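Line order of the protein sequences matches chains D and W. End of the first sequence = 150 in my numbering, gap-free, step of one. End of the second sequence = 129 in my numbering, gap-free, step of one.
Hints in this document: simulated from the structure, not taken from any laboratory. Just so it is clear, the structure is predicted and the values come from calculations on it, not from any experiment. Here a beta-carbon is modelled for each residue, glycine too, at the ideal position from N, C-alpha and C.
To give a feel for the contact side, a few chain W residues facing chain D, derived at Cβ under 8 Å:
{"hint": "1", "residue": "S9"}
{"hint": "2", "residue": "M12"}
{"hint": "3", "residue": "N55"}
{"hint": "4", "residue": "T84"}
{"hint": "5", "residue": "E85"}
{"hint": "6", "residue": "T86"}
{"hint": "7", "residue": "E87"}
{"hint": "8", "residue": "A89"}
{"hint": "9", "residue": "K105"}
{"hint": "10", "residue": "F107"}
{"hint": "11", "residue": "T108"}
Over 12 Å on every C-beta distance to chain W, these chain D residues come out as not near it, computed from the model:
{"hint": "12", "residue": "T7"}
{"hint": "13", "residue": "E25"}
{"hint": "14", "residue": "D30"}
{"hint": "15", "residue": "G112"}
{"hint": "16", "residue": "R141"}
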Amino acid sequence: MTIDQQTLQQVVTDVCSGMLGLEVEPSEKDNAATGDALSAVVKISGGWDSLVQVLAPRKTAKAIASTMFAMNEDELTEAEIRDAVGEIVNMVGGNLKGIVEGDSSLSLPCVGEATGSAPFDENFKGLEISNSCQGDPLIVRVFDRSRCES
Amino acid sequence: MYALIIDDSRAMRKILRQIVEPLGFQILEAGHGQEGLELLNERRSEVELCLVDWNMPVMNGLEFVKTVRKQEQEGHIKLMMVTTETEPAQMARALMAGVDEFVMKPFTRDILLEKLRLIGVSMQLPVAN
Ligand SMILES: [Mg+2]
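Please model the entire structure based on the sequences and the hints provided.
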């Protein structure tokens, strides 16, 4: 099975809403989301070569971390905010890997400032969903590396 | 008794702690398998349960499980993997290595409690008043 928009949305909803109780719903893409934001990426290798990115503006990232750590946003450290976003992409990537057939492995999440570098730059052509998470934007992207030659 | 929570995500450790601590466990936390082994070796006879992530730096969950089972002299520590791993071949490897049960991330509190019950974890559920 390949990953489509609907499957990706379902996985993101299961992780954010089903487990964490965050309010998540599909929304129009907010271009401001790519400004001061954190990018968390996992790499899937083997049967399905792909990259999965969670792009969270700081406001969204703080809201997610606040829920996961059960702490007020102003008590959170930068490391805790990054950890929370990293675990979201870990769960999303791990679940997507389970849906696609073939034996693949998942990297550890890599979290940093969103810099818009390829493939996740303004020319990004892979699968992308935009959500509103606790009222703030959250973007999730999947880049199928096996299709990058075509 | 102690429950040992091993996950490289502090957020995930906190979520697990909030579910397991009220069951009457004292909690130990480790960020990877090697650190988990060190904590376990300090209090082996007092640890009833380990909740173990799979995907971690330094030593992953599968290596941790294999090492614990190899070192085990007597008794049986309950080992539950809390992971996104759903690949049947991988799960079979973990079961062969000695995992008692799996919980898939994302999970809910009810699912985790049900799985803990399944493997016979002792629970002092708080009395509602
Ligand atoms: Mg992990």
